[in-house]
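Top line first, the protein sequences correspond to chains A and B. In terms of this note's numbering, the first sequence has 276 at position 276, counting the first letter as 1, and numbering is strictly consecutive. In terms of this note's numbering, the second sequence has 76 at position 76, counting the first letter as 1, and numbering is strictly consecutive.
Worth flagging that the hints you see were computed from the coordinates, not collected in a lab. What you are looking at is a predicted structure, and each value in this text was computed from that prediction instead of being measured. From the three backbone atoms N, C-alpha and C, an ideal C-beta is built for every residue, glycine too. Heads up, some of the hints might be wrong.
Simulated restraints on C-beta separations [stated by the list, open to error]:
| # | chain 1 | residue 1 | chain 2 | residue 2 | range |
| --- | --- | --- | --- | --- | --- |
| 1 | B | 120 | A | 235 | 54 to 62 Å |
| 2 | B | 126 | A | 218 | 33 to 41 Å |
| 3 | A | 143 | B | 263 | 38 to 46 Å |
| 4 | A | 140 | B | 57 | 52 to 60 Å |
| 5 | B | 117 | A | 218 | 31 to 39 Å |
| 6 | A | 142 | B | 120 | 35 to 43 Å |
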Amino acid sequence: MAERYISLEGIGRRYPNPAGGGHTTIFEDLWLTLPKGTFTCIIGHSGCGKTTVLNILAGLDQSSEGVVVVDGTAIEGPSLDRAVIFQSHALLPWKTVIGNVAYAVRSKWPSWSRAAVLEHARRFIALVGLAGAEDKKPAHLSGGMKQRVGIARALSLQPKILLMDEPFSALDALTRGTLQDEVRKICQETGQTVLMITHDVDEAIYLADRIVLMTNGPGAVIAEVVENTLPVTRDRLDVHRHPAYYPLRNHIIDFLVTRSKAFEAERRALELAGTPWQARQPRLVRPGFSDPTLAITPATAAMSA
Amino acid sequence: MATDRLRALALSVLILAAFLLAWQWGVQPDPAAGPAVDPEYAKLVGAAAATGGQTPMPGPLEVMARLWHHLADPFYVRGTNDMGLGIQLGYSIARVAAGYVLAAVVAIPLGFVIGMSPLLYRALDPFIQVLKPISPLAWMPLALYTIKDSSTSSIFVIFICSIWPMLINTAFGVASVRKEWLNVARTLEVKPLRRALTIILPAAAPTILTGMRISIGIAWLVIVAAEMLVGGTGIGYFVWNQWNNLSITDIITAILLIGLVGMVLDQALAWCARAVTYPE
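Could you build all of it, start to finish, from the sequences and the hints given here?
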């Protein structure tokens with residue numbers, strides 16, 4: 001990768017066994033680089049540690065080993081450079097919409113005047129389409145509107161990276177679609193670097209430039225990084241008609257259904273073939289028409305039977 | 001909604017009327033009994049002895065007349081044993097306020113520290129559990145012996161009885177602030193003092209206010225008993241003094257006023273609690 005804007009370098013997370021003696025390894029020796037201005041999704045089953053990866057990057061959790069480097073510096077704890085959009089929106093219920101956003105703005109720029117803080121907050125509230133709702137309390141907003149406030153709060157910090165932990169999973173399909181459109185538009189316009197956790201394949205394909213596939217935990221690894229072969233200008237409503245869509249989607253679904261739990265065998269096969277899997281340099285794949293995973297393999301035949 | 005409230009009000013008035021009627025009927029003197037003693041003797045020894053040493057139970061009309069009499073001139077002072085009810089209530093409220101404010105000043109910051117430190121929470125828990133159930137009046141002799149001033153002692157008793165609900169609720173409220181709000185503060189690099197004032201305090205405020213409301217209720221219960229013990233001034237002393245005077249009418253009047261003041265104090269705290277409560 002030409003530009004290592006953000007890189008995870010050999011991070012691992014272990015928890016001591018509750019019964020005593022030894023540790024459970026959620027994941028170890030995880031390497032990943034996020035180039036500036038890219039949108040990356042991590043996809044994997046529950047328990048593979050994808051949320052832990054995000055929390056370590058956010059500084060909310062600590063890695064047992066390895067370092068995270070952001071813009072040339074190893075991180076220590078949370079930072080205003082890395083904004084988090086929480087799954088549960090995590091708005092402060094006693095503050096209004098603008099109060100919540102202004103709280104973040106004031107945290108980042110304590111020396112700003114009150115008027116400047118409110119002006120900045122208002123700009124980002126308008127950006128997520130909530131102009132006019134500034135003085136409402138979160139309890140009076142719908143789930144989608146609450147998440148918009150969470151997005152406005154994170155964006156208002158103008159962070160180096162935006163971290164999203166399944167931000168749309170609690171929303172209904174219609175709201176989710178609209179928010180995906182807006183997040184994609186905003187991120188493209190601002191050139192925001194984003195890391196998002198999801199288990200929704202279509203969401204990952206629509207939003208991400210690169211999709212990181214994680215195997216099942218414990219002992220999860222990054223199996224490969226899938227490059228999104230769809231054009232950058234894509235429309236949510238007819239993205240599925242693009243010829244590259246189904247090869248991409250099938251590749252990811254195949255991974256989640258079969259390969260994610262049998263990656264150890266695949267790893268040995270790669271070893272024998274002379275192209276060993278490397279933790280430091282996960283393979284970059286571009287699923288297309290000639291992709292071998294489209295062929296009927298014994299595994300996929302067994303699935304359809 | 002409005003009709004429901006109106007119905008409840010009508011029922012309340014009905015219950016009050018029924019109670020007052022029953023009371024009036026219950027205290028009617030038995031006409032058959034007649035005067036127990038000679039009228040001349042009664043004139044000599046006073047009304048109390050005239051009915052055979054028993055003070056007749058006053059009816060609601062007498063109490064209302066007495067209440068009106070007290071309310072017409074609540075702040076007179078005619079010697080140490082004869083002061084207006086307003087003055088007596090004022091003494092009691094001032095003592096409660098002093099003890100209560102002192103308790104809040106100690107309990108809320110201490111509860112904050114205990115709530116934020118699981119170690120302190122566990123270390124101080126046994127002491128709190130032992131001290132909390134002690135009747136506040138049990139401290140009175142110790143307070144009188146060490147402080148040597150009856151009025152300060154009753155303030156101390158108010159302090160000791162109102163500290164526990166505030167301390168326990170503050171610690172609990174602070175300890176159970178939602179993790180996600182603390183995570184928001186962490187990702188925004190909020191400094192500890194700002195985090196305490198802008199995240200933890202508003203998040204725990206409803207729980208803290210609930211503790212303060214429980215405390216004011218207990219303090220108002222205890223002050224009456226404490227003033228009966230130490231004497232001198234206050235509504236508790238007034239009740240005891242009127243018992244010595246065998247003036248049941250004054251006692252019932254005072255009981256009514258104690259209830260009303262207690263209700264006002266409780267409602268004031270309830271109003272504060274509503275002001276800091278946030279819907280989730």
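Report the numbers of all earlier hints that the structure fails to satisfy, in ascending order.
none
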